[in-house]
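Visitor: Here is how the chains run, residue by residue.
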Amino acid sequence: MKRLGFKCILVLPLFLSFPSTIASEGTLTDPIVVASKIFPESYFLAELISQMLEAEGYVVARKFGLGGTKVCNEALRRDEIDVYPEYTGTIQAVILELDYPLSLEEINARFKEFDIEGVPTFGFNNTYAMSVRRSMSEELNLTKISQLVNHPELKYGVTHEFLEREDGWPKLEEVYGLKSRPEGMQHELALRAVANGDIDVTDGYGTDAKIIEYDLVVLEDDKSVFPIYMAIPLIRSDLSAPIKKAIAGAAGKIDEALMIQLNGEIVIKGRTFASVADEFLASIDIDPISENVDTRRGGKLTANVVRHLELTGIALLAAVVIGLLVSIAVYRVTWLSRSVVYLCGLMQTIPSIALLALMIPLLGIGMKPAIVALFLYSLLPIVRNTVISLSTTDPLLVRIAEAMGMSQLERLRYVLVPLAMPSIFAGIRTSAVICIGTATLAAFIGAGGLGDPIVTGLALDDTGLILQGAIPAAILAIATELVFEGLERLLVPGHLKVFGTTKSNQAAEAT
Amino acid sequence: MNSDPVVSFKNVGKHFDGNWVFRGLSLDLPSSQVVAIVGESGSGKTTLLQLINGILRANEGSVEVMGDPVPETGLERFRRGIGYAVQGGGLFPHLTVYRNVTLLAQLEKWEQEKSQDRYSELLEMVGLDPELRGRYPYQLSGGQQHRVSLCRALMLRPKILLLDEPFSAIDPMSRGEIHRQFTELRQQEKVSAFLVTHDLREAVALGQYLVVMASGNVVQHGTTQNIIENPEKDYVARLLETYL
Numbered sequence: 003m004k005r006l007g008f009k010c011i012l013v014l015p016l017f018l019s020f021p022s023t024i025a026s027e028g029t030l031t032d033p034i035v036v037a038s039k040i041f042p043e044s045y046f047l048a049e050l051i052s053q054m055l056e057a058e059g060y061v062v063a064r065k066f067g068l069g070g071t072k073v074c075n076e077a078l079r080r081d082e083i084d085v086y087p088e089y090t091g092t093i094q095a096v097i098l099e100l101d102y103p104l105s106l107e108e109i110n111a112r113f114k115e116f117d118i119e120g121v122p123t124f125g126f127n128n129t130y131a132m133s134v135r136r137s138m139s140e141e142l143n144l145t146k147i148s149q150l151v152n153h154p155e156l157k158y159g160v161t162h163e164f165l166e167r168e169d170g171w172p173k174l175e176e177v178y179g180l181k182s183r184p185e186g187m188q189h190e191l192a193l194r195a196v197a198n199g200d201i202d203v204t205d206g207y208g209t210d211a212k213i214i215e216y217d218l219v220v221l222e223d224d225k226s227v228f229p230i231y232m233a234i235p236l237i238r239s240d241l242s243a244p245i246k247k248a249i250a251g252a253a254g255k256i257d258e259a260l261m262i263q264l265n266g267e268i269v270i271k272g273r274t275f276a277s278v279a280d281e282f283l284a285s286i287d288i289d290p291i292s293e294n295v296d297t298r299r300g301g302k303l304t305a306n307v308v309r310h311l312e313l314t315g316i317a318l319l320a321a322v323v324i325g326l327l328v329s330i331a332v333y334r335v336t337w338l339s340r341s342v343v344y345l346c347g348l349m350q351t352i353p354s355i356a357l358l359a360l361m362i363p364l365l366g367i368g369m370k371p372a373i374v375a376l377f378l379y380s381l382l383p384i385v386r387n388t389v390i391s392l393s394t395t396d397p398l399l400v401r402i403a404e405a406m407g408m409s410q411l412e413r414l415r416y417v418l419v420p421l422a423m424p425s426i427f428a429g430i431r432t433s434a435v436i437c438i439g440t441a442t443l444a445a446f447i448g449a450g451g452l453g454d455p456i457v458t459g460l461a462l463d464d465t466g467l468i469l470q471g472a473i474p475a476a477i478l479a480i481a482t483e484l485v486f487e488g489l490e491r492l493l494v495p496g497h498l499k500v501f502g503t504t505k506s507n508q509a510a511e512a513t
Numbered sequence: 009m010n011s012d013p014v015v016s017f018k019n020v021g022k023h024f025d026g027n028w029v030f031r032g033l034s035l036d037l038p039s040s041q042v043v044a045i046v047g048e049s050g051s052g053k054t055t056l057l058q059l060i061n062g063i064l065r066a067n068e069g070s071v072e073v074m075g076d077p078v079p080e081t082g083l084e085r086f087r088r089g090i091g092y093a094v095q096g097g098g099l100f101p102h103l104t105v106y107r108n109v110t111l112l113a114q115l116e117k118w119e120q121e122k123s124q125d126r127y128s129e130l131l132e133m134v135g136l137d138p139e140l141r142g143r144y145p146y147q148l149s150g151g152q153q154h155r156v157s158l159c160r161a162l163m164l165r166p167k168i169l170l171l172d173e174p175f176s177a178i179d180p181m182s183r184g185e186i187h188r189q190f191t192e193l194r195q196q197e198k199v200s201a202f203l204v205t206h207d208l209r210e211a212v213a214l215g216q217y218l219v220v221m222a223s224g225n226v227v228q229h230g231t232t233q234n235i236i237e238n239p240e241k242d243y244v245a246r247l248l249e250t251y252l
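If you read the sequences in order, they're chains L and D. Position 423, counted from 1, in the first sequence is what my numbering calls 425; the numbers after and before it change by one each time, with no gaps. Position 124, counted from 1, in the second sequence is what my numbering calls 132; the numbers after and before it change by one each time, with no gaps.
Bound-form chain D, shown alone (with noise of 0.2 Å):
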């Protein structure tokens, strides 16, 4: 495990027409983890994620990944070493699974054969035949569409993974699989992983880190095993009580 963070957020404020949805946030996070990201909607929790890849742009502070502040220009090739999943899939609708995933590879003009093995690994590892190829999304169930989306932010084996609430649509019962599918994976991918959940039984599940967010604020992060050990706050007690 590298002792140096992936992502450093340095006294950053973001607003929306005037209305902050937090300022003076300064966290560390560190690499090769799955850095869960726990809090109610509106918490400020998708906000912190868009900052990584620069999706949106912080008004006060600077956010730094790998040691560099998120660039103002060439934001498509540093975009590109961050895959990017969220709720729902996301897939686009009018190309198939195979585009879909490989779309990234093609812009990046890999060759036929690199993106057509690199697809069928992928897809291996979460658990899907790659015979799916040449369905559309809509042919697909839920679960396997997110793992689709999984496979298209990993395509071009970034360092840095994020993800927003990307198994929250997914029934309770494929949800335990799907968990279990994506540890093995990340572990694999050796992948820094984002993890934005309202859920914080998803978030321990998965989670080595936690940062646990309320209205705009980073109440408490740190190792999940110190975090369930010893609450600094109320709000975290109880939310580990109602939850675990």
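Looking at chain L on its own, in the form it has when it is part of the complex (with noise of 0.2 Å):
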């Protein structure tokens, strides 16, 4: 233990010093955080304006792969980023909740109490879509979703979200007066199906690059039944005007046929969002000081790893530290152990999801809420062992200990502690290897570690970028498991372990 708390000496002023915000934005010392959400299409805008601040010289963060909108949005809020790209529709029906569009001034007008604002659009409209074949589409000349009441005889395969969204096929059905029953199934099957011809329309999103993959065509929805999902960068209002200038820079300069490329650029080419954005900038003559940043790698994995280590650390040096502390006050007093147990089993039936998230509007976003989770988390199999353990040592050793003299403080020094090492032990080391596993999940909330490749390699569907984290993080839980057995073997004599904390006497007895 002692080696783990030098550690934690070491990365506890690092910790403290985030964030700083003393300094002015887009400097060294207070960069501008770009964030962007998990999806490759916001992985490419974030690194589209990371690079248009780049280019008129400010130092930018990328915080990407945040754990979606409530994450992007709450951290923008407590000014823990600066930037994310976000969609009209998105603002409107999952931040907001309103059932009706927004304009940009609207927008603007409801988030000035959060000092937040909207940059006008990139240009393109990422919303609901229709698509078929190109060949049918040029056969039957099918350009507009109304044509389709023309044509009873094609077949309909759409998402089962779709087919029960009130906005989706049934206002569809209605608006258009399409007479047609859709058969409910997987996405990438739909788009497959309509490839080959097994059916002929299918719906999903706008910008998607597998409507080039599959050579498909987007049908125009003239009647607007689809909400608008213009993407948009959100900002905090309090950017100064050349930063808010230099972010509006590509305002308009993407279509929905321009995002569709650059997205196949991307997802099926397997290009970095590094050089797509680098290579659109330059088309539309911004020349981005180029650093080579390269956002699918995940950061490297050095520092990954430190930061994985950092972030579980600090939350079980804290966790044994208050685990232990907690659990000796609470022991001998049976109702408020079990009370104080049965706390930290809720804590534990959170989803580690919902935990982090849970953290956000309390501690912002980054390694504080991660490792507070962290924390939560490591808790009950250290509080557990330790008060059971404590609260069931042999009252006989305890009776003598007390009959010997000795105080309180030095019965749990010199006997309960020693004795209920071995199960203290297995809590730390079963708390170690789940806190590990758990801070992969910390890249949602923009801790880093290790899961930052994971999350990116989900994102783009990269199996290799996954393992570049998975990997490490279970050798990690290995190793961590080999060292506190080393640890254990090294503090706790071996037959304590062979015969319990308390079974030894009777063992010798039987002698």
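It should be emphasised that the hints constitute simulated quantities derived from the structure, not laboratory data. Wrong hints could be hidden among the right ones.
What the hints assert, rightly or not - Sample of chain L residues with no beta-carbon within 10 Å of chain D, all distances over it, derived:
1) Val61
2) Tyr102
3) Met423
4) Phe427
Claimed, not checked - If we take Cβ atoms under 7 Å as the criterion, some of the chain L residues that face chain D in the derived model are:
5) Met406
6) Gly407
7) Pro420
8) Leu498
Note that the Cβ used here is the ideal one computed from N, Cα and C, for glycine as well.
Got two chains here, separate frames each, mind docking them using the hints?
Guide: Written out as structure tokens, the structure reads:
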């Protein structure tokens, strides 16, 4: 435990210095923080924003792959990030929970109290779209959804979600007067089925690169059934005018067709976000100071491992110290120790993602909330094992220690805790492994670590990238087991493990 | 031999959850002897013993040790003046022989050398090789564990030694040997010993003074000699006939 403590003293200053808010935005000490959600288009737009800022000489910190709309928006409100790409339809439906579309002015008016504003759109609408085979579109001269009503013989296959959503098939059927009955099917299968002619029409996202891959054509929503999902950068209002101007550098420059193509470069051809963004910016005469940041890699392995160890090390150390102190404080009072164990158990029943998300309103994003969540997660095995082993110490030994004239503290230090040590160690070991596993999820709230390549890999469906995080994490978990096994061997006399903590007397008597 | 009692029970009552073990018990026990408290299980003899070092507190009356009532506070200091050994030895399984014996000396901040000397002295007195120091209790025989347990109880040179069935788990072959060593040890250490046992033979062999208990009552107490010669009650007479 001493070694762990030493390590954590080393990393503590790092932890405390994050984030600094003294210096002005865009400098080395206080970079502009650009975030993205966890799907390729969001990564790309965030990379684009980053490069446009860098082209103007600003320093950018990339916090890509945050776990969804809530995480990004909460982080922006708390000034933990400065900008991320969002969609107007999401702002309307998910963030503001309204059922009518909003203009940029209306969005800005509603976000004013949070010091957030939108920047004019990149120029494309990534909404639901109905797509058909290119060959069929040309043959039947199909370009608009309203024309579908003239071809009742066409077969439809859509996702189950689209089939059920009020703003999906039911609305489409009603407004366009479509009579066909669609099959519910998985998205990828539906696309393939359209491509090879098993079905004729399917749903999808307007800028999905698969549209190119399967050579499909998107039909125009000429009666405006689908909500509008214009992509816009959402930013902190307090950014300076030049920074805002730089972020708006690509406004109106990307239409749906171009975005499909750009997505294709990334998802189908497997190019990096950075190179695709760089190439696009060159086409609109922006020349980024190319640092060749490869955002596909999810950072360097060593840096990820170090960050992972920081997250788990600090969380585990805190859990050990506080877990032991709490256990020692409560173990003698049955109802109290039970309540504490239940409470710790409750923490563990909260899914890790949810626990991380719950931390955001309290602590924002980054390492701090991740460490707190990991700490709460690590408590149960330590507290449970400690409380149980302390309260079930052989009563004879407890009485002897008392009768010998040992004080409460001396009894704990010389008798109870040493006897409980094997069990306490087992608890810490379990916690450590849980912590290392769960810490991979911390990437969702921007804490980095080995979860970074995993999250990016999931977004890109890139198994290699996922393994770059998963394999080191697994090795780390095994290494932790081994380290603790070694520590246990050093600190706990062997026979205690063989006979259990309280059985050695009886065992000896039998000899 | 000192004539003042070392332990006095004055009208003592003790109950557990309303079940009285005894009430109105008064008893003066002499110092510098082995006082054997003998009786069947459930007779209250262990309760009596644990009232002396305050592990149990009297519900009525008072227990006085060397003229003063068992203190309410500062029990640690008080207890360090009273050695305690129990059936099975009760050694701490995670500590070596040396650490078991010298634990209290360490807490009392004795110098290393002083602890060392006392340790060797005690182990030699009970016929153990001080080189057992590095062994853990599970590596010792039952008899060895009991001897180490006695040494631990005597480490701080207490004036009083409480023994709760300390020899009952030892095989009859080695019991005679350990009885002899105990008697020598007690005389050398000049400690007043209180020995709880269910074995009348052991009580008579070791005790100069007997307290015979039955279902919460002191049936008879007095010097061993006196009790053997003049059993006051049928119960005592029958007991003596059966066992001796």
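Visitor: All hints, please: hold or fail.
Guide: Hint check results:
1. For Val61/L, the non-interface assignment is confirmed: its Cβ lies about 56 Å from the closest Cβ of chain D, beyond the 10 Å cut-off.
2. At roughly 71 Å, the least C-beta separation between Tyr102/L and chain D is larger than 10 Å, which holds for a residue marked as non-interface.
3. The Cβ of Met423/L sits about 8 Å from the closest Cβ of chain D, inside the 10 Å cut-off, so the non-interface label is violated.
4. Its beta-carbon lying about 13 Å from the closest one in chain D, Phe427/L satisfies the requirement of being farther than 10 Å from that chain.
5. With a cut of 7 Å, the hint placing Met406/L at the interface with chain D holds, because the nearest CB-to-CB distance is about 6 Å.
6. Given hint, Gly407/L at the interface with chain D, holds; its Cβ is 3 Å from that chain's nearest Cβ, closer than 7 Å.
7. Contact between Pro420/L and chain D, as hinted, is supported at the beta carbon level, the nearest pair being about 5 Å apart and thus within 7 Å.
8. Because the closest C-beta pair between Leu498/L and chain D is about 6 Å apart, less than 7 Å, the hint holds.
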